[in-house]
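Please model the complete structure; the sequences and the hints are all you need to start from.
Residue numbers (the working numbering), protein chains in the order written: chain A, -1 to 473; chain B, -1 to 473.
Certain hints may be false.
Repeated chains share a single entry, so a pair holds when one copy, or any two copies, can fit it.
Unchecked claim - The list that follows gives simulated cross-link-like pairs (lysine-lysine, DSS-like), each with its CA atoms no further than 30 Å apart:
| # | residue 1 | residue 2 |
| --- | --- | --- |
| 1 | Lys312 | Lys381 |
| 2 | Lys77 | Lys25 |
| 3 | Lys75 | Lys25 |
| 4 | Lys81 | Lys30 |
| 5 | Lys25 | Lys409 |
| 6 | Lys409 | Lys330 |
| 7 | Lys5 | Lys409 |
| 8 | Lys381 | Lys444 |
| 9 | Lys142 | Lys25 |
| 10 | Lys312 | Lys273 |
| 11 | Lys25 | Lys273 |
| 12 | Lys273 | Lys30 |
What the hints contain is simulated information worked out from the structure, not anything from laboratory work.
As the structure is a prediction and not an experimental result, all values here were calculated from the model.
Below are the chains, spelled out letter by letter.
Protein chains: 2
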Amino acid sequence: MADLPDKASAFIDWYLAVVEEAGLSDKRYGVKGMNVWTPYGFAARRALDAVIVRALESSASQAVEFPALIPQTEFQKEKEHIKGFDDQVYWVTRGGATPLDVPLVLRPTSETAMYPVFALWVRSHRDLPLNLYQIVNTWRYETKTTRPFLRVREIHFIEEHSCQLDEAAATHRVQENLTSFAEMATEYALPYVPTRRPDWDKFPGAFYSIALDIPVGAGRTLQIGSIHHYRENFSRPYAIQYETPDGGQRFVHQTTFGLSERLLGAILAVHGDAKGAVFPSSVAPYQVVIVPIIAAEGGEAVLRFARGVAASLKAAGLRVHVDDAEGRPGPKYYHWEMRGVPLRLEIGRREAERGGVSWADRLGRKGTAGPDALVEAIRAELKGYDEALARRANAAFAAAFAPAATLDDLKGSTQVRYLSWCGAEACGHAIETAIDGALLGTPEGKFELAQGTPGACIGGCGTTPTVWALAGRPL
Amino acid sequence: MADLPDKASAFIDWYLAVVEEAGLSDKRYGVKGMNVWTPYGFAARRALDAVIVRALESSASQAVEFPALIPQTEFQKEKEHIKGFDDQVYWVTRGGATPLDVPLVLRPTSETAMYPVFALWVRSHRDLPLNLYQIVNTWRYETKTTRPFLRVREIHFIEEHSCQLDEAAATHRVQENLTSFAEMATEYALPYVPTRRPDWDKFPGAFYSIALDIPVGAGRTLQIGSIHHYRENFSRPYAIQYETPDGGQRFVHQTTFGLSERLLGAILAVHGDAKGAVFPSSVAPYQVVIVPIIAAEGGEAVLRFARGVAASLKAAGLRVHVDDAEGRPGPKYYHWEMRGVPLRLEIGRREAERGGVSWADRLGRKGTAGPDALVEAIRAELKGYDEALARRANAAFAAAFAPAATLDDLKGSTQVRYLSWCGAEACGHAIETAIDGALLGTPEGKFELAQGTPGACIGGCGTTPTVWALAGRPL
Chain A
-1 MADLPDKASA FIDWYLAVVE EAGLSDKRYG VKGMNVWTPY GFAARRALDA
49 VIVRALESSA SQAVEFPALI PQTEFQKEKE HIKGFDDQVY WVTRGGATPL
99 DVPLVLRPTS ETAMYPVFAL WVRSHRDLPL NLYQIVNTWR YETKTTRPFL
149 RVREIHFIEE HSCQLDEAAA THRVQENLTS FAEMATEYAL PYVPTRRPDW
199 DKFPGAFYSI ALDIPVGAGR TLQIGSIHHY RENFSRPYAI QYETPDGGQR
249 FVHQTTFGLS ERLLGAILAV HGDAKGAVFP SSVAPYQVVI VPIIAAEGGE
299 AVLRFARGVA ASLKAAGLRV HVDDAEGRPG PKYYHWEMRG VPLRLEIGRR
349 EAERGGVSWA DRLGRKGTAG PDALVEAIRA ELKGYDEALA RRANAAFAAA
399 FAPAATLDDL KGSTQVRYLS WCGAEACGHA IETAIDGALL GTPEGKFELA
449 QGTPGACIGG CGTTPTVWAL AGRPL
Chain B
-1 MADLPDKASA FIDWYLAVVE EAGLSDKRYG VKGMNVWTPY GFAARRALDA
49 VIVRALESSA SQAVEFPALI PQTEFQKEKE HIKGFDDQVY WVTRGGATPL
99 DVPLVLRPTS ETAMYPVFAL WVRSHRDLPL NLYQIVNTWR YETKTTRPFL
149 RVREIHFIEE HSCQLDEAAA THRVQENLTS FAEMATEYAL PYVPTRRPDW
199 DKFPGAFYSI ALDIPVGAGR TLQIGSIHHY RENFSRPYAI QYETPDGGQR
249 FVHQTTFGLS ERLLGAILAV HGDAKGAVFP SSVAPYQVVI VPIIAAEGGE
299 AVLRFARGVA ASLKAAGLRV HVDDAEGRPG PKYYHWEMRG VPLRLEIGRR
349 EAERGGVSWA DRLGRKGTAG PDALVEAIRA ELKGYDEALA RRANAAFAAA
399 FAPAATLDDL KGSTQVRYLS WCGAEACGHA IETAIDGALL GTPEGKFELA
449 QGTPGACIGG CGTTPTVWAL AGRPL
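Here is the structure:
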């Protein structure tokens, strides 16, 4: 039980240690970058996904599942797209001992799997909008250093694909996706900034891409999702067209919305601390852990009471675990703190006699609850905990940004910078060189940290008008 | 809206037509045998899986997820296993343009993915039992004719893998799995018979295999799952051992329990009829569909009332759909019957004024409910429907079996036959030849249809003692 590395000065070491010590992922599998979801990690993922499913389905998206293997012939139909993925896909070339006539790609994303079928499903304007999502794994032959949840070769992936009547309807769906993500982010207590990526950094085949970025300290950012407007870029090569009310044929406009297990990495990165993982109650595998404190006598009554409390909380829909293993309370507290459990209940003889509990939350607050309205009190504490977690994350978010008035301001910056940019690629690259990172793009919607109107471009040209843009170092 | 083929005389044609007309799967994807889960099919699968997850977790199994790609080196460690799968796995041989040093197999099942990691997870007798399951896709390079849900190349798969202290503990886990499956089968209203497969038909690498078989008419059977006892057959090559309380080292005994999307196929095959799919309410994507009957006047009130009823039912946890699309009621009834919806509510002006509903269930029963205690009445109708469905399935199950006293009885049999078998492979093969199918094995636990003790072996040797065995034609 050694101390974790320091989060501020050795972020990646700290992150890797938390993932391992909290038992969320096992990277000792025989293929580098393909990791095992442990029972505890899988439970977190299940809770994470439940939030996503709820948000997507309340924005009228329906779940489907398309095959994982894509024929090379379909994969290569959209030229930009294939250029973007050609060197990072896995190829299936044999079935048994037989070479396949047409090699198959393990999906890196599902445009090319879905769109030939969308062409069969979309016939009339009455079939639109078509909003479909799937939660599947994708594979990328990643050559950079892999990190659990952040950069892996088998990726737990959530992808919505939509077909819309026209460009305006597709733009509207992009906005609906942004709203859905805002709902999810609230549940995760994850502040973020949506940025429209510069043209040279958009998704292969997209008309434009909006990325969802999260600052994770020292000027670093993590892209945890993206929303793309494809216009007709895919519907033309894949022939997805519909009959209009007046009998004509038009190509659909398409959008996609992608999220992944990176969200779990972001939750660890943003909320975690020197004692380990810190989960919002929406994602915590156990929202409440009960530690019975068994003394020499009265142990039976304590255990019985602890189990009764657990049963009441479970009946109220909470995820609860009673840690009745052998051992002293201290190491158990340490164990469940490392694993990010929001609320710990301590139940000893005094509590059992009183019919109440002592509690401590993962942010260090303490109190007692019950015997009256115990379940309601625990619910209220969890709510208070989530709010405190959000306040802490929001404060860190606000402190993660600073303006930059010159290229010099960017050098060695330990904050994400907002700055005035003319929009030209040359100035963008100058900014990227100065910060040794990326021009993330222009904030989508209102970015409240940047007040007023932007000034002269800091990228070298010095011209106006400009837009606010963000620059940082993507992890 | 042509009639379906006749189920009794043209079963497979009927089955394929139901899958297509009910909109459960789209097989027009670019790789034969890899099908698309449509929104409706995916919703059925989600409900199906929820039953499985509940049963497995209540028998102390925990969800995990292991990678889909298995290094060739690990895949080949258990000799029987690899012999069983070598000619039906897909091989990944390239990442981008680069040939992989070690080719990767797309998992056909996960023994060889999991067990090297189990060897790291199991250290002490205190780590046992280890009961883990995952719900993932598997891939098999299937050379036989593919059929949606029944035989596909990308398979939605549920696999539990357990490590146990010794052979007796593993045998006990096999029994627990049988109990779990009995719970699931009750929810699906699926009668089945567990049979211990003959040695020549057990799972590659198993000590013994128990298959879960369902008769689907005309002597055909469908294996919808299996439970295997591995003894130490895998733990030795994969070095999964633990320290005993006295400090020694022992290999674990292992079991597995496998189910797949075939369950959905079996539900269609067993319950479906001349009007299409028939779902038990546990699996139905919509348990209740409300068809508002809009006349020239009063349409608004009807629709408002219908939506109110839907809201009440949803609040009670039911899956409900209001079919308020344009069009006459008749085709809507036909549409939802084809899709197997358990209960249809018809709401016209009379019902809206009265505050009640007229209902018709998928088995043709009709009645009215409400205005008082409407939700409770609908719940009761669904329960009665499920019970009637189970009775119908149980009657068909009992009628699907008949005894066979001679090899001649087996020829052209339109029932699954139970018979006396000495246990010898030669007699087994004689039986298989006669029925033009398979000796399914010996019933596990009590098989109530076969009364008394078995007689002389019918396989040709004529000896006693014998055991009851089942023979049929696996689909």
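(request) Could you tell me which of the numbered hints above are not met by this structure, giving the numbers in increasing order? (result) The structure conflicts with hints 5, 6, although it agrees with all the remaining ones.
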